[in-house]
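If you read the sequences in order, they're chains V and Y. So the first sequence is numbered by my numbering: it starts at 26 and just counts up by one. So the second sequence is numbered by my numbering: it starts at 26 and just counts up by one.
Treat the hints with care, as some may be off.
As the list claims (entries may be wrong) - With a Cα cut of at most 25 angstroms, we get these calculated DSS-like pairs of lysine-lysine:
#1 V:Lys243 x V:Lys275
#2 Y:Lys178 x Y:Lys291
#3 V:Lys217 x Y:Lys147
#4 V:Lys35 x V:Lys67
#5 V:Lys306 x V:Lys343
#6 Y:Lys325 x Y:Lys343
#7 V:Lys87 x Y:Lys147
#8 V:Lys276 x V:Lys177
#9 Y:Lys217 x V:Lys147
#10 Y:Lys188 x V:Lys46
#11 V:Lys252 x V:Lys343
#12 V:Lys147 x Y:Lys147
#13 Y:Lys306 x Y:Lys294
#14 V:Lys285 x V:Lys178
#15 Y:Lys87 x V:Lys147
#16 V:Lys343 x V:Lys243
#17 Y:Lys87 x Y:Lys35
#18 Y:Lys46 x V:Lys188
#19 Y:Lys147 x V:Lys212
#20 V:Lys147 x V:Lys46
#21 V:Lys293 x V:Lys275
#22 V:Lys147 x Y:Lys212
#23 Y:Lys320 x Y:Lys31
#24 Y:Lys273 x Y:Lys306
#25 Y:Lys344 x Y:Lys67
#26 Y:Lys212 x Y:Lys147
#27 V:Lys252 x V:Lys285
Since the hints were derived computationally from the structure, they do not count as laboratory data.
Protein chains: 2
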Amino acid sequence: MLNINKSTQKELDRVQSIINKELITEQTIKEIYDYIFQSEGKKTRALISLLSSRSKNTTLSKRIQLASVIELLHTATLVHDDVVDESNLRRGSKSVNQVWTNSYSVLIGDFIYSKAFILMVKLNQAGILGELANATNDIARGEMIQLEMIEKKLSLTLADLLKVSYLKTGRLFEASAKTGAILAGAKNNEIKNFGLLGRSLGIAFQIQDDILDYESFKLNTGKPVLKDFKEGKITFPLFYAIQNATLKDKKFLLDNLGKKNIALSKQKKIYDLVISKPSIKETQALLEQYLCETKKYLSKLNNHPSYDEMLNLINFSKKRRK
Amino acid sequence: MLNINKSTQKELDRVQSIINKELITEQTIKEIYDYIFQSEGKKTRALISLLSSRSKNTTLSKRIQLASVIELLHTATLVHDDVVDESNLRRGSKSVNQVWTNSYSVLIGDFIYSKAFILMVKLNQAGILGELANATNDIARGEMIQLEMIEKKLSLTLADLLKVSYLKTGRLFEASAKTGAILAGAKNNEIKNFGLLGRSLGIAFQIQDDILDYESFKLNTGKPVLKDFKEGKITFPLFYAIQNATLKDKKFLLDNLGKKNIALSKQKKIYDLVISKPSIKETQALLEQYLCETKKYLSKLNNHPSYDEMLNLINFSKKRRK
Chain V
26 MLNINKSTQK ELDRVQSIIN KELITEQTIK EIYDYIFQSE GKKTRALISL LSSRSKNTTL
86 SKRIQLASVI ELLHTATLVH DDVVDESNLR RGSKSVNQVW TNSYSVLIGD FIYSKAFILM
146 VKLNQAGILG ELANATNDIA RGEMIQLEMI EKKLSLTLAD LLKVSYLKTG RLFEASAKTG
206 AILAGAKNNE IKNFGLLGRS LGIAFQIQDD ILDYESFKLN TGKPVLKDFK EGKITFPLFY
266 AIQNATLKDK KFLLDNLGKK NIALSKQKKI YDLVISKPSI KETQALLEQY LCETKKYLSK
326 LNNHPSYDEM LNLINFSKKR RK
Chain Y
26 MLNINKSTQK ELDRVQSIIN KELITEQTIK EIYDYIFQSE GKKTRALISL LSSRSKNTTL
86 SKRIQLASVI ELLHTATLVH DDVVDESNLR RGSKSVNQVW TNSYSVLIGD FIYSKAFILM
146 VKLNQAGILG ELANATNDIA RGEMIQLEMI EKKLSLTLAD LLKVSYLKTG RLFEASAKTG
206 AILAGAKNNE IKNFGLLGRS LGIAFQIQDD ILDYESFKLN TGKPVLKDFK EGKITFPLFY
266 AIQNATLKDK KFLLDNLGKK NIALSKQKKI YDLVISKPSI KETQALLEQY LCETKKYLSK
326 LNNHPSYDEM LNLINFSKKR RK
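Produce the entire structure from the sequences given, and follow the hints as far as they go.
Following this line, the structure appears as structure tokens:
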């Protein structure tokens with residue numbers, strides 16, 4: 026568990042209250058609220074926003090509002106991702122319940138997106154609005170490119186994977202850090218630094234997520250086992266595993282990639298091939314490289330009131346198990 | 026065909042150019058662009074925006090930009106609606122192609138939404154941003170309520186139908202007229218009037234759409250036949266038909282409501298029951314009532330440069346066949 030300062034935790038709790046208040050307005054939404062918010066989530070993006078917005082030049086209520094906007098945007102993305110991923114997975118017939126959930130998910134995602142924009146407009150800062158509108162657009166673009174990449178398979182490059190990781194994850198981390206700094210009235214070079222810090226931390230976060238997707242086979246991460254693999258996604262660990270594999274193992278991996286039902290013995294083999302030393306070491310080195318870069322940007326912010334908490338978050342990134 | 030002034034048509038063409046320019050940026054999007062924009066659409070909402078924003082107090086380029094934003098928001102809604110409706114209809118197994126289209130539709134919808142917000146932010150007018158963010162939220166809420174109503178069937182009231190028609194259609198018409206007036210620098214009472222005009226015109230537009238869904242059985246509207254009925258939606262014409270039907274006919278209608286495959290002879294009977302005199306007359310009277318209300322609001326704007334064109338649009342609303 027990430028150790029969070031008491032005062033920061035109180036701020037995060039207020040973010041959750043705002044989200045609850047904004048979303049539970051209609052009966053329809055009340056009923057599916059529990060389904061979507063089964064877990065409250067780590068709120069990493071809201072945390073980054075709260076840390077970078079800490080300043081004497083703004084009010085607590087505006088900081089909470091901005092962090093809520095960012096968490097709402099992230100939630101809307103998650104809700105829509107479920108539809109996108111589910112559609113790829115469940116190719117057989119669907120139960121009425123599943124269908125309803127899918128239709129509602131599209132609409133509730135739109136509902137949450139627009140709630141975020143309503144709150145954002147109330148902050149009345151053009152710089153923040155522009156950054157978040159652009160980030161939202163980049164996230165959708167990243168998801169589309171990822172969908173396209175499922176077809177590409179062997180022709181994928183490390184640059185492709187880094188581009189998608191930036192767009193779908195790094196981009197909102199970047200916007201969270203940057204808009205927080207804008208709200209704090211920070212100077213241009215500090216805003217830029219926060220953006221770069223968020224960007225590299227987000228990519229590191231995605232790399233660790235990709236590793237955890239395979240480690241879920243042995244660890245109890247609470248997430249479905251080998252989800253990315255079953256959805257046909259080539260992520261960092263699989264990319265390196267394919268590079269390092271013998272021709273026979275490579276064929277085995279590619280033959281099973283994207284299959285929903287994989288026998289346990291085969292899952293074990295996939296896990297072994299991906300988590301085996303040479304491949305996973307390369308993924309871990311890449312993660313380390315991005316964390317190192319993140320710390321480099323943080324070092325330029327050594328007078329910032331959130332310096333220690335930021336460092337704590339960065340160090341936690343490679344230790345987290347969910 | 027609606028008769029559009031030459032200068033207004035030129036403005037509408039520029040709206041289309043902006044939409045093309047903003048959307049065809051990524052390879053992924055280029056490839057599915059044709060699928061989504063098979064028809065360029067009537068651009069009724071963009072037209073309303075252009076008409077209400079006509080003024081010496083603003084520039085042509087800002088007016089085009091606002092109209093483009095509104096058309097983009099509407100397009101995003103359409104793209105997501107397809108996913109929502111499709112999920113309800115196609116309960117059997119899906120082809121890979123259909124699945125891909127569905128996943129892409131969710132993401133391209135998000136992409137278009139956020140493009141609209143990016144353009145909107147550039148206009149840099151808090152009043153316009155707030156109105157459009159709220160309208161987007163109301164549209165999603167309206168669609169959710171409509172989905173819920175599919176289960177309600179017989180307990181539906183006219184008030185329910187009017188609420189949904191306002192939220193899913195009237196709301197964006199209202200916002201188009203209102204934000205146009207805001208951009209034009211109009212006085213508060215004129216802005217309010219434009220909003221009310223848009224609202225009632227939008228509801229009238231929806232009523233005519235609902236009628237056309239049944240008339241599609243005989244007319245060549247270019248739309249699928251009895252789409253609403255097959256999706257299980259009770260719209261204005263069906264609502265009145267059920268009220269006027271004998272017990273036997275009512276049972277027949279409800280038994281077939283929501284079925285995807287309906288024999289041609291049954292479709293003919295559904296058409297006859299819904300388009301029969303007493304029921305359809307009530308729907309037409311309701312349409313007339315909303316058009317009358319729209320003209321009442323227009324009469325207060327008799328000095329506006331777009332007065333004649335607005336009147337033309339209102340009169341066209343009940344004549345249109347697609």
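Are the Cα atoms of Y:Lys188 and V:Lys46 separated by 25 angstroms or less?
23 angstroms, holds
25 angstroms limit on alpha-carbon distance, applied to hinted pair Y:Lys46 and V:Lys188
Cα-Cα ~23 angstroms, so holds.
25 angstroms limit on alpha-carbon distance, applied to hinted pair V:Lys147 and V:Lys46:
Given pair V:Lys147, V:Lys46 holds - Cα atoms ~16 angstroms apart, limit 25 angstroms.
Holds or violated: are the alpha carbons of V:Lys306 and V:Lys343 at most 25 angstroms from each other?
13 angstroms, holds
Distance restraint between V:Lys87 and Y:Lys147, which requires alpha-carbon spacing of 25 angstroms or less:
22 angstroms, holds
Holds or violated: V:Lys343 and V:Lys243, Cα atoms, limit 25 angstroms.
17 angstroms, holds
Measure nothing beyond the straight line between the CA atoms of V:Lys35 and V:Lys67; if it is 25 angstroms or shorter, mark the hint as holding.
14 angstroms, holds
Can the restraint linking Y:Lys325 and Y:Lys343 be considered satisfied, given a maximum Cα separation of 25 angstroms?
It holds: about 22 angstroms lies between the C-alpha atoms, which stays within 25 angstroms.
Measure nothing beyond the straight line between the CA atoms of Y:Lys273 and Y:Lys306; if it is 25 angstroms or shorter, mark the hint as holding.
21 angstroms, holds
For V:Lys252 and V:Lys343, compute the direct alpha-carbon distance and say whether it is at most 25 angstroms.
Within the cut-off at roughly 20 angstroms; holds.
Between V:Lys293 and V:Lys275, is the straight-line Cα distance small enough, at 25 angstroms or below?
Holds, at roughly 15 angstroms.
Need the status of pair V:Lys243, V:Lys275: alpha-carbon distance at most 25 angstroms?
22 angstroms, holds
Checked against the numbered hints above, the structure breaks none of them.
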